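**Student:** Be aware that the sequence shown starts at 1, since it is given in my numbering, and climbs by one per residue.
The set of hints was computed from the structure by calculation and includes no laboratory data. Predicted model, so just to flag it, every value in this text is computed and none were measured. Incorrect hints may appear among the rest.
[As the list claims (entries may be wrong)] Simulated crosslink set (SDA-like; lysine to any residue; CA at most 20 Å straight-line): (1) Lys35 with Pro52; (2) Lys201 with Gln185; (3) Lys70 with Arg339; (4) Lys326 with Ala412; (5) Lys60 with Leu581; (6) Lys582 with Lys140; (7) Lys60 with Asp22; (8) Lys35 with Gly67; (9) Lys150 with Gly230; (10) Lys326 with Glu16; (11) Lys247 with Gln526; (12) Lys140 with Ala38; (13) Lys201 with Glu232; (14) Lys247 with Arg227; (15) Lys60 with Ala132; (16) Lys34 with Phe66; (17) Lys235 with Ile146; (18) Lys247 with Glu169; (19) Lys70 with Ser118; (20) Lys582 with Pro534; (21) Lys70 with Thr51.
[As the list claims (entries may be wrong)] Computed beta-carbon distance windows for the label pairs: (22) Ala412 with Gln32: 36 to 44 Å; (23) Pro234 with Gln185: 41 to 49 Å; (24) Pro234 with Pro143: 18 to 26 Å; (25) Ala122 with Gln598: 39 to 47 Å; (26) Asp133 with Gln369: 36 to 44 Å; (27) Gly316 with Gly156: 30 to 38 Å; (28) Asp22 with His187: 37 to 45 Å; (29) Ala122 with Pro240: 18 to 26 Å.
C-beta atoms are modelled at their ideal positions from N, C-alpha and C, and glycine is treated no differently.
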Amino acid sequence: MRDNRPVAIPQHFIQELLARADVVEIVGRYVQLKKTGANFSGLCPFHGEKTPSFTVSPSKQFFHCFGCGKNGNAIGFLMEFTGAGFVEVVHDLAQQYGLQVPEDERSPAERARAAQESEQRASLTDVLARAADAYRQHLKTSPRAIDYLKRRGVSGAVARDFGLGYAPEGWRTLAGVFPDYADAQLHDSGLVIVGEDDEGKRYDRFRDRIMFPIRDVKGLVIGFGGRVLGDEKPKYLNSPETPVFHKGRELYGLFEARGALREHGYALVTEGYMDVVALAQLGFANAVATLGTACTPEHVHKLFRFTDSVVFSFDGDSAGRRAAHKALQAALPLASDVRSIKFLFLPPEHDPDSFIRAEGAEAFQQAVQAAVPLSRFVLDAAAEDCDMDTAEGRSHFAANARPLWQLLPAGALAAQLLGDIAAQVRIGVHELQQLWGLRGAAQPARARGHGAPAADRGAARGPAVSHRPSPRAVAPRAAPSSRAHRALQIVLTAPGSWQALSGSDHQLLCEQAAPYGPLFAWLDGQVLEHGPQPWSALREALRGHPLEDAAVRAIEGLHDEIDSDPGELQDILRQERPVHLKQRMDAALAAGDVALYQSLLPELARAKTGEREAGGY
Numbered sequence: 001m002r003d004n005r006p007v008a009i010p011q012h013f014i015q016e017l018l019a020r021a022d023v024v025e026i027v028g029r030y031v032q033l034k035k036t037g038a039n040f041s042g043l044c045p046f047h048g049e050k051t052p053s054f055t056v057s058p059s060k061q062f063f064h065c066f067g068c069g070k071n072g073n074a075i076g077f078l079m080e081f082t083g084a085g086f087v088e089v090v091h092d093l094a095q096q097y098g099l100q101v102p103e104d105e106r107s108p109a110e111r112a113r114a115a116q117e118s119e120q121r122a123s124l125t126d127v128l129a130r131a132a133d134a135y136r137q138h139l140k141t142s143p144r145a146i147d148y149l150k151r152r153g154v155s156g157a158v159a160r161d162f163g164l165g166y167a168p169e170g171w172r173t174l175a176g177v178f179p180d181y182a183d184a185q186l187h188d189s190g191l192v193i194v195g196e197d198d199e200g201k202r203y204d205r206f207r208d209r210i211m212f213p214i215r216d217v218k219g220l221v222i223g224f225g226g227r228v229l230g231d232e233k234p235k236y237l238n239s240p241e242t243p244v245f246h247k248g249r250e251l252y253g254l255f256e257a258r259g260a261l262r263e264h265g266y267a268l269v270t271e272g273y274m275d276v277v278a279l280a281q282l283g284f285a286n287a288v289a290t291l292g293t294a295c296t297p298e299h300v301h302k303l304f305r306f307t308d309s310v311v312f313s314f315d316g317d318s319a320g321r322r323a324a325h326k327a328l329q330a331a332l333p334l335a336s337d338v339r340s341i342k343f344l345f346l347p348p349e350h351d352p353d354s355f356i357r358a359e360g361a362e363a364f365q366q367a368v369q370a371a372v373p374l375s376r377f378v379l380d381a382a383a384e385d386c387d388m389d390t391a392e393g394r395s396h397f398a399a400n401a402r403p404l405w406q407l408l409p410a411g412a413l414a415a416q417l418l419g420d421i422a423a424q425v426r427i428g429v430h431e432l433q434q435l436w437g438l439r440g441a442a443q444p445a446r447a448r449g450h451g452a453p454a455a456d457r458g459a460a461r462g463p464a465v466s467h468r469p470s471p472r473a474v475a476p477r478a479a480p481s482s483r484a485h486r487a488l489q490i491v492l493t494a495p496g497s498w499q500a501l502s503g504s505d506h507q508l509l510c511e512q513a514a515p516y517g518p519l520f521a522w523l524d525g526q527v528l529e530h531g532p533q534p535w536s537a538l539r540e541a542l543r544g545h546p547l548e549d550a551a552v553r554a555i556e557g558l559h560d561e562i563d564s565d566p567g568e569l570q571d572i573l574r575q576e577r578p579v580h581l582k583q584r585m586d587a588a589l590a591a592g593d594v595a596l597y598q599s600l601l602p603e604l605a606r607a608k609t610g611e612r613e614a615g616g617y
């Protein structure tokens with residue numbers, strides 16, 4: 001992935017890039033468009049539909065879906081479709097059109113290092129792509145490997161779509177693919193192992209295995225998974241960690257599943273490569289898999305770039321329950337009020353592949369629909385080994401529930417779940433808050449069921465609960481001159497606030513004047529790579545970074561995680577949009593771009609209307 005230590009990208013460069021990057025051509029790479037009058041139309045790539053409601057305007061250089069409401073320019077489209085961040089999309093587009101992104105704020109040494117790292121990543125993905133091609137050719141000439149895939153029910157078409165291959169039995173097969181077997185890139189890419197003895201013997205990592213190329217969201221091969229054809233150990237072997245492959249961040253099959261995620265409306269997370277391939281064969285092409293590791297927040301965050309609904313599928317045995325618990329902890333910080341997270345537990349004798357073959361696709365779909373919602377699984381997980389008929393068991397349950405509940409972002413889900421936990425413990429919500437030391441927290445929605453005292457039942461009419469203690473008074477609304485400063489405080493100290501924003505909001509903030517714009521852009525890269533992180537983690541990532549001092553100054557005097565109002569950030573953005581648009585319009589006039597100026601006028605009017613309405617005028 002590109003170096004995510006970006007700087008503020010000047011607005012004039014963004015406009016130059018958009019002038020060259022025709023939105024019709026960009027969208028047409030991914031969507032089949034048909035000319036309809038002055039515009040183009042097609043099926044929306046962001047939600048399932050049978051009648052086109054997605055339009056692209058060549059005159060306005062704008063796309064809009066009348067079905068789901070998504071809209072924007074070429075940059076916004078690529079951010080939504082690929083899941084990449086603003087800065088990464090800008091760099092990729094600039095490269096396509098022969099433009100150099102201004103990076104004057106980085107030192108020559110930093111620019112040289114970033115260029116070297118970028119060149120290394122490109123070289124490694126080229127090496128891995130050549131190996132993938134070779135493995136595919138070997139599969140065609142291996143009846144034994146083909147027979148194995150046929151016995152597993154994998155068709156030739158599915159094998160082609162996933163780029164499946166075969167690594168022959170020989171120790172140095174790749175020596176016939178790469179002219180220089182001693183090339184360091186073969187080792188750096190994870191394809192070749194170098195012995196630790198004095199002789200440093202080299203040999204292929206993957207031998208006599210079905211090969212599953214692992215691709216990033218752009219379709220580049222970044223690693224491999226290899227499965228034995230028999231019962232040898234290990235059954236699966238993954239590429240090691242490399243500059244382009246980090247198994248804690250990547251999901252097998254995500255690139256192949258992008259279209260199906262929108263068609264099905266959810267992502268199905270499974271436990272293995274063959275699960276993904278088999279499910280695609282059986283009509284569930286929306287499946288992905290973790291890469292031999294527990295589900296991480298980075299995995300969940302990446303999925304939510306493509307869908308708002310995730311179903312985790314696990315075996316019903318003890319190992320499956322342990323894996324589900326880890327997935328729960330990874331998902332909780334990202335469980336906003338508009339997202340759906342469920343857990344599907346199959347019978348111990350089945351995985352998704354065998355279940356569908358035994359019971360049918362319709363039965364599996366019904367099982368998915370009946371999967372356990374995240375809120376219920378939190379209660380179930382907390383209640384394990386607790387006798388809920390005794391005071392001791394309920395107390396144990398409350399102790400188990402607290403660390404899980406505190407992972408949730410503030411919102412209606414957290415408030416309701418707090419009520420559910422209180423009802424299970426058979427105490428009032430306010431009593432539970434006191435028990436957990438939640439000082440100054442407002443009363444949430446009342447607990448459902450008979451367990452909550454009558455005194456708590458009017459709480460539903462009160463304000464929503466904040467799940468964190470309030471160590472200080474909430475900061476006052478920012479003055480216009482400090483809007484960017486206050487927004488930076490919020491996104492640096494409130495995990496999850498950045499990812500709750502839209503792509504256009506990200507763009508607006510990343511284009512702020514230094515040091516704010518560069519810091520927002522840096523944060524975008526961090527969230528893309530690692531998911532939401534507390535300030536303590538971000539502080540460590542900033543050590544030695546040119547923006548370190550600016551970030552530290554921004555939050556001096558604040559608690560590590562502020563008790564911020566989610567609406568405050570939206571208020572800041574609502575006030576900033578007209579200012580930002582006016583600056584773009586002034587720049588367009590200065591450049592003589594009357595068409596751009598006129599196209600922004602309706603946006604400015606809408607932004608000003610939104611600001612007045614929010615202010616109560």
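**Student:** Evaluate each hint against the coordinates.
**Tutor:** Going through the hints against the structure:
{"no.": "1", "hint": "Lys35 with Pro52", "in the structure": "holds, 12 Å"}
{"no.": "2", "hint": "Lys201 with Gln185", "in the structure": "holds, 16 Å"}
{"no.": "3", "hint": "Lys70 with Arg339", "in the structure": "holds, 17 Å"}
{"no.": "4", "hint": "Lys326 with Ala412", "in the structure": "violated, 23 Å"}
{"no.": "5", "hint": "Lys60 with Leu581", "in the structure": "holds, 16 Å"}
{"no.": "6", "hint": "Lys582 with Lys140", "in the structure": "violated, 60 Å"}
{"no.": "7", "hint": "Lys60 with Asp22", "in the structure": "holds, 10 Å"}
{"no.": "8", "hint": "Lys35 with Gly67", "in the structure": "holds, 19 Å"}
{"no.": "9", "hint": "Lys150 with Gly230", "in the structure": "holds, 14 Å"}
{"no.": "10", "hint": "Lys326 with Glu16", "in the structure": "violated, 46 Å"}
{"no.": "11", "hint": "Lys247 with Gln526", "in the structure": "holds, 17 Å"}
{"no.": "12", "hint": "Lys140 with Ala38", "in the structure": "violated, 48 Å"}
{"no.": "13", "hint": "Lys201 with Glu232", "in the structure": "violated, 24 Å"}
{"no.": "14", "hint": "Lys247 with Arg227", "in the structure": "holds, 17 Å"}
{"no.": "15", "hint": "Lys60 with Ala132", "in the structure": "violated, 41 Å"}
{"no.": "16", "hint": "Lys34 with Phe66", "in the structure": "holds, 16 Å"}
{"no.": "17", "hint": "Lys235 with Ile146", "in the structure": "holds, 18 Å"}
{"no.": "18", "hint": "Lys247 with Glu169", "in the structure": "violated, 25 Å"}
{"no.": "19", "hint": "Lys70 with Ser118", "in the structure": "violated, 32 Å"}
{"no.": "20", "hint": "Lys582 with Pro534", "in the structure": "violated, 34 Å"}
{"no.": "21", "hint": "Lys70 with Thr51", "in the structure": "holds, 16 Å"}
{"no.": "22", "hint": "Ala412 with Gln32: 36 to 44 Å", "in the structure": "holds, 39 Å"}
{"no.": "23", "hint": "Pro234 with Gln185: 41 to 49 Å", "in the structure": "violated, 25 Å"}
{"no.": "24", "hint": "Pro234 with Pro143: 18 to 26 Å", "in the structure": "holds, 25 Å"}
{"no.": "25", "hint": "Ala122 with Gln598: 39 to 47 Å", "in the structure": "holds, 40 Å"}
{"no.": "26", "hint": "Asp133 with Gln369: 36 to 44 Å", "in the structure": "holds, 40 Å"}
{"no.": "27", "hint": "Gly316 with Gly156: 30 to 38 Å", "in the structure": "holds, 33 Å"}
{"no.": "28", "hint": "Asp22 with His187: 37 to 45 Å", "in the structure": "holds, 42 Å"}
{"no.": "29", "hint": "Ala122 with Pro240: 18 to 26 Å", "in the structure": "holds, 20 Å"}
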